[in-house]
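**Student:** Chains as they are written, first to last, in the numbering used here: chain A, 1 to 133; chain B, 1001 to 1304; chain C, 2001 to 2337.
Hints listed in this document are in silico derivations from the structure and should not be mistaken for laboratory results. A few of these clues could be false.
Stated by the list, open to error - Here are some chain A residues the structure puts well away from chain B; computed CB gaps all over 10 angstroms: (1) G12; (2) L29; (3) G30; (4) N53; (5) E65; (6) E69; (7) A80; (8) V89; (9) E92; (10) R103; (11) E104; (12) E111; (13) H113; (14) Q124; (15) R125; (16) G128.
Stated by the list, open to error - Which stretches of chain A does chain B cover? Using the computed rule of at least three CB atoms under 8 angstroms from a CB of chain B, they are: (17) 14-26; (18) 31-39.
Stated by the list, open to error - Example chain B residues on the side facing chain A (calculated, C-beta under 7 angstroms, incomplete): (19) L1166; (20) S1167; (21) A1173; (22) A1174; (23) R1248.
Backbone N, C-alpha and C define an ideal beta-carbon position, used for all residues, glycine too.
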Amino acid sequence: MPAVLTVDPRSGVPIYLQIIEQIKRSVALGVLQPGEQLPTVKQLAIDLTVNPNTVARAYRELEREHVIETSPGRGSFVRANGVAEAPKVAAEIGGDALDVALRETKSVGLERHEVRELFELALQRWYGAELSE
Amino acid sequence: MNDITISHLRKVYGTTVAVDDVSLEIPSASVFGVLGPNGAGKTTTFKCLLGLARPTSGTILFGGKPLEPATFERIAYVPERSVLYDWMTVAEHVEMTRRAFTSFDHKRAHELLGMFHIDPRRRVRVLSKGMKTAVMVALAFARNAEILVLDEPTGGLDPINQRHVLSLMINEAAKGNSVVFSSHQIGQVERAAEQIAVIDCGRLVLEGLVDDLKGDRKIVEGIFPDTTFTLDGIANDARVARSDRTERILRLMVTAGANDIAAKLTAAGAMGVRVLDLNLEDIFLYAVSPATATTDIVAKGTTS
Amino acid sequence: MNYVEWLRIRNCLRVVAIILAIFVLLAVVLRVSVARYMSPDAWIEHFHDPGTTVSHVVLPDGTKRTILDNAAEQTHVVIDDRGQQGKHIVVTEPTARAHTDTKHVNVGSIQVQESRHGSLTTTTIDTNGSVPMLYYMAFADLFAIVIGTFLAAPLAREIDGHLEVSLTKPVSRARFAVGAIGIDVLGILGTSLLTVVALYICQLLFETPSLDFSGINARAIAMGIASPLAWYALLCALTTWLNRSWIGVLAAALPIAGVVGILTLLPTQNVIALFIHDTAWVISRLNPLSYVSMAVPSDDGTVSYRPDNFGLRFTLEVMFFVVYGAIAVWRWQRVEA
């Protein structure tokens, strides 16, 4: 597994959630291919230097959300239809990010049209000018 | 069968109550962190746990049975201060441990000593405090014990060796053994511990799974248009553990339902309602020294 | 389980062995330097006056006999050299010239006997008298008491910062304490044994020792073994109780015992002296060493001692060992880290 996973134990976000989010992100970006094997709970715990039960909890949750599947004795693998899940996961991550952004803009008292202007500026910066120009 | 049950432990020294009605359930195959300010009663609790001090009242059971000499085959202990014999060499300590415990792995002990860069031929007298701790840690982790009780196992160690100890603890958990440890290094506790207990002034003030504590406990902050806002309904909510009010800004520390309470604040007319995460250090400070915690949160609020 | 104690007595016995080795070395040096004086030739020189005739003869049993005769001086010396079996020397000379004025001297294996008849004195010197084990045991006892004092306080040493190690071993507290004491007992017995062996070797350099184990000697051996162990047990009990100042207790033990012993000899002329004497006497009854009597040979050939209550005294020593040891173990059961 590529060393894409890093966790910040000092963050207020529980470690298992961080692991879940990062594995989902890896699947969404194609860094983790469908059918690819994940490290064992024990190995990942040792690699990340975190409690194995935390890793186990993350894996259980990922399995519940149908991102990975575990066969006893063989290990944990990214689900074959993980690619199909990818846009869903990407949308989820994007949606969460926008929620946080809008919560902030609302908290500083920006009006709807102000937010839209800022949004267009940001789109230009990150996605380049519209090709329709 | 490696779980530990502490029921209503009470230990009084003369007129000082060192441990006051502490009850803990430490499950087997887990890492359990014990946090608390200096002198809070953590070390006394460990001593009562291991029969080094006699509880004034309360019971301690290992897998449902009281502690007896044979139980020590399965328990490895690293005390807070060095208990090694200054006049003996490190190798003699290894031999002493080998003779006392049947499941001791002599080779592993030398591996671990090597990892900590300790020459077994040296006399303990010439070792630094940190190296003495490292020797005790090496001996304990070479024991193949099912239960490890570690009291500040990283005291005096440099950051590299601290990380070694952390990895050792996590390895034990991965093998299915139990680790109970106390530490002031909250970052380490956050990584290694699945469950924690906070002891302050001899009492248990907080207990739970680290992930759940972090997931549930949040700061909900709101800015009101003027200073004339009222909080009935919100302040009385059982989930609000603490509220701090500075002019127009209200900060609530909640133990659950952060989003719900945020919505209530918005309904009460607050603007800029935010939900802030708390890490373990914040949670710990709120539990034992709210004044210190609040300052920290204020500082965090102004920079993020 | 008591490996630390093993190491302690091992280090201790090593020191004892070195000290004893030095003694043996000194004995070797002594042997070499007095070698000249041990041969019949030395005696010949000693008695050589003009007119002395010297003759040598070998007796049927291999003894080399040297006869010095000086009729004019009325001196006749017969020296029988039995090699390793020692020497038998008879000196007949005018009383005026006799060297010794004691009738009987018994030092170790050397016996000197003098008898007068008329103007002549006959002095008989035997160098291979049997050695009472008493002498060996006196040394061994002394050494064992000192070493016992050094080794004492095994439990106090554990209480002094190592309880987290000794109380978390998979054996009962009682077993641990008894084990530590047992190993120290072995160390003390080992010291006695090494001392006896060293003395034997020292004597062997000079002649073949024949040891006398009978009567008083057997009693000396018994007391010599029991009393240091009882003294050790007393110190164990004291230090496991006063564990914070165990070093002070060990250092002061023998001096205080000595002072108390001397105070029991105070002449009781007035009330204060009586009080001090009686208090000291009571305290000394608790000290196992008060019951050891040192047998001293006197000039007239008899050895003065008090054999009558040996049975009682020996039993007391054994009881002291058991009771004081039990106190130490009992205190250990209750100690907290």
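**Student:** Now tell me, hint by hint, if it's right for this structure.
**Tutor:** So, going through the hints one by one against the coordinates:
G12 of chain A, annotated as away from the interface, has a beta carbon of chain B within 10 angstroms; the closest lies near 2 angstroms. Non-interface status of L29 of chain A relative to chain B is upheld: no Cβ of that chain comes within 10 angstroms, the nearest being about 25 angstroms off. Under the 10 angstroms C-beta cut-off, the non-interface status given to G30 of chain A relative to chain B holds; the minimum distance is some 29 angstroms. Residue-level check failed: N53 of chain A sits 5 angstroms from the nearest beta carbon of chain B, not beyond 10 angstroms.
Non-interface status of E65 of chain A relative to chain B is upheld: no Cβ of that chain comes within 10 angstroms, the nearest being about 17 angstroms off. For E69 of chain A, the requirement that its beta carbon stay farther than 10 angstroms from each beta carbon of chain B is met, with the minimum near 22 angstroms. Even its closest Cβ contact with chain B, about 29 angstroms, leaves A80 of chain A beyond 10 angstroms, as expected for a residue assigned away from the interface. For V89 of chain A, the shortest C-beta to C-beta distance to chain B comes to about 20 angstroms, beyond the 10 angstroms cut-off, and the non-interface label holds.
The claim that E92 of chain A lies off the interface holds: its Cβ sits roughly 17 angstroms from the closest Cβ of chain B, which is beyond the 10 angstroms cut-off. Listed as a non-interface residue, R103 of chain A fails to keep its Cβ farther than 10 angstroms from every Cβ of chain B; the least gap is roughly 7 angstroms. For E104 of chain A, the non-interface assignment is contradicted: its Cβ lies about 8 angstroms from the closest Cβ of chain B, within the 10 angstroms cut-off. With a closest Cβ-Cβ approach of about 13 angstroms to chain B, E111 of chain A is found to remain outside the 10 angstroms limit, as its non-interface label requires.
With a minimum CB-CB distance of about 18 angstroms to chain B, H113 of chain A clears the 10 angstroms threshold, and the non-interface call stands. No beta-carbon of chain B is positioned within 10 angstroms of the beta-carbon of Q124 of chain A; the least distance is around 26 angstroms. The beta carbon of R125 of chain A is kept farther than 10 angstroms from every beta carbon of chain B, the shortest such distance being approximately 22 angstroms. The Cβ of G128 of chain A sits about 30 angstroms from the closest Cβ of chain B, beyond the 10 angstroms cut-off, so the non-interface label holds.
Restraint check on the region 14-26 of chain A versus chain B: 4 residues with Cβ-Cβ distances below 8 angstroms, three needed, restraint holds. Counting residues of the region 31-39 of chain A whose beta-carbon sits less than 8 angstroms from any beta-carbon of chain B gives 0, not enough to reach three: the coverage restraint is violated. Below 7 angstroms, beta-carbon pairs count as interface contacts, and L1166 of chain B has one with chain A at about 6 angstroms; its hint therefore holds. Checking S1167 of chain B against chain A: minimum C-beta separation of about 6 angstroms stays under 7 angstroms; hint holds.
Of the supplied interface hints, the one on A1173 of chain B holds, with its beta-carbon coming within about 5 angstroms of a beta-carbon of chain A, less than 7 angstroms. Hint on A1174 of chain B holds. Least Cβ distance to chain A is approximately 4 angstroms, under the 7 angstroms limit. The closest approach between the C-beta of R1248 of chain B and any C-beta of chain A is roughly 13 angstroms, which is over the 7 angstroms cut-off, so the hint fails.
Hint compliance for this structure: hints 1, 4, 10, 11, 18, 23 are broken, all remaining hints hold.
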